[in-house]
Amino acid sequence: MTRALRAMPTLFRVATAQLSAYRAEVLIWILTATMPLVMMALWDAVADGGPVGGLGQGDLARYFTVTLVARQLMSAWLSWELNPLIRTGGLSAHLLRPMSPFWYWLVQHVSHVPLRAVVLVPLIAALIAWRPEMGLTLDPARTSVFVLSCALGFLLNFVAHIFFGALAFWTGQSQGLFMGWFGLWSLFGGYLIPARLMPPWMAALNDALPFRAMLSIPVEIGASLMAPEAWLGALASQVAWLVAFAGIAAWTWRRGLRRYEAFGA
Amino acid sequence: MIAVKDLRKTYRVPQRDPGLVGALRSIWRREHKEIRAVEGVTFEIAAGERVGFLGPNGAGKTTTLKMLAGLLRPTSGEVSVNGFEPQRREAAFLEQITLVMGQKQQLLWDLPPRDTFALNRALYQIPDAQFRETLGELTTMLSLGELVDRPTRNLSLGERMKCELAAALLHRPKVLFLDEPTIGLDVVMQLQVRHFIAQWNERFGSTVLLTSHYMDDVQALCPRVIVIAAGALRFDGRLTDLVAQVKPRRRVVVRPPAGFTAAFPPPFALEGEAWVADVAPTDVGAAVQQGFAHCPGMDLRVEEPPLEQVFADFFVQHRTP
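Going line by line, the protein sequences match chains A and B. Sequential numbering from 1 applies to the first sequence in our numbering. Sequential numbering from 1 applies to the second sequence in our numbering.
Simulated from the structure, these hints should not be mistaken for laboratory data. Some clues are possibly wrong.
[Said to hold, decoys possible] Derived coverage of chain B by chain A (criterion: at least 3 residues anywhere in the stretch with Cβ under 8 Å from a Cβ of chain A; other residues may be distant): (1) 64-77; (2) 104-114; (3) 187-196.
[Claimed, not checked] For lysine to aspartate or glutamate, the following EDC-like pairs were computed, each having C-alpha atoms within a straight-line distance of at most 16 Å: (4) K104/B to E261/A; (5) K33/B to E261/A; (6) K174/B to E202/B; (7) K247/B to E303/B; (8) K33/B to D17/B; (9) K5/B to E31/B.
Source: prediction; values computed, not measured. C-beta atoms are modelled at their ideal positions from N, C-alpha and C, and glycine is treated no differently.
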């Protein structure tokens, strides 16, 4: 841990240099995560005749605007990198270093945030100007809790990627499994449907699943769809899921490493 | 010090019949085969030694190196490197070793090697003064010059390998595992890398375990060789002893001056334009004397068998059915 903290400035500098080498590609990746804008248009049409489940057009515009921001802040893609590293033996170079490679990958993810912010700020400003009725405000307390909740959601997504990436130790490729997970995440996480609009059976099922903690909770906080008295419980549920997933991911990774065959050369 | 005792590694690899039917069948019924890559290898290497680790393709050399470096978990057996159990991959262990693989790289592909060096300085917690000193030495010994500031992807294979070596040695490891470090390099670059490894070993007293298919690497760097074939240890000793064991004879080659047509007496026999005596090392002196007595003005040379031939014969002798 001490080693990782001391190495942080260099890790960030190198990660930023790598990011700049791929800036065009990263920019395109950022722009591909604009599904919330599509959903905003769709739900706007649905709520044209009046509020849906208590949410009017302004509420839905606010919800999907915050979803866009949260999605960008909580993006993780580690399993996509782990798959080829495990399959081709590229992981060896990471394992030979005297520090857990997860620090390196974590910093790589976080280093994308400034570039994402550069893209997001004008986009969000334009959305607010276009749909002033959404009433998106930067209340300091809510914003702070939103950022904290996004950080927890990001870590939860990150460890989920470790888990799915580590499955490649057994299967060789695990992107297919992850895509199945991503489908469930989109459905239950509030990416396509706000949790409040889910039918009762789906909402009940969702309470037992981690997806809300991975996206919907921060969005509900940021979009003022969760009362302040519910924040603590929501954050606690995120922490609980994070601890559980971190345990599962760590166990899977350790077991997987025993099977690692360091192919190539 | 490296100690390996009865080391074994077995891989379980999926197998399927060729063709579409085989591919479809393997979807629901996957068959596996066990490959015994390393079978009961035992050896010890003292601190500061330079040892060649040799064997034909698929002999288990790289698998053994990967187990010594902690990348692979042995199926059974004991491994100790400087008192550490490699498979635990403790930071204190990883700080003491390096593994350079000629066909794998740690350099960051899109950034100049200088960035990888900076990353390694941070990860290995190398003090600034030591980092500058070591990088300076490496830059001189490997003639890195401005290479370190060019993106890795724009470097030639040889230039990249030199930078790989620098990145791998910045933390001054006590044990160097070098897996074909000169593969694909031109002759000049091979010489440079060989010279560098010898210099580094002498300068820092690092233990070197080297695999290579280039016998010149082995001859130049490794007084001792460990040979494995089909996963098992076949020889452990001085290179000269291996040569004496496999190819105990020497060739005395004479080329008579122009116009000299008389046949040389046995043991000489004509091979092209030269007369060659294939004799035991103890009989070399007598053959030389005999040759000079027969033709004083001749050009004479005593040849050891080429190492490539020695190893080829040795591997054939130890080939598994």
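Going through the hints against the structure:
1. Counting residues of the region 64-77 of chain B whose beta-carbon sits less than 8 Å from any beta-carbon of chain A gives 6, enough to reach three: the coverage restraint holds.
2. Against chain A, the region 104-114 of chain B contributes 6 residues with a C-beta closer than 8 Å to a partner C-beta. That satisfies the three-residue criterion, and the hint holds.
3. Check result for the region 187-196 of chain B against chain A: violated, 0 residues qualifying (beta carbon to beta carbon below 8 Å, three or more required).
4. The hinted pair formed by K104/B and E261/A meets the criterion: a straight-line CA distance of about 14 Å does not exceed 16 Å.
5. Distance restraint check for K33/B and E261/A: the Cα-Cα separation of roughly 15 Å lies within the 16 Å cut-off, and the hinted pair is therefore satisfied.
6. Annotation: proposed proximity of K174/B to E202/B holds, straight-line Cα distance about 12 Å (limit 16 Å).
7. With a C-alpha separation of about 12 Å, the suggested pair K247/B and E303/B falls inside the 16 Å cut-off, and the hint holds.
8. Proposed proximity of K33/B and D17/B is supported: the alpha carbons are some 13 Å apart, at most 16 Å.
9. Taking the CA atoms of K5/B and E31/B, the gap is near 31 Å; set against the 16 Å cutoff, the hint is violated.
In summary, the structure is inconsistent with hints 3, 9 from the numbered list given earlier, while agreeing with the others.
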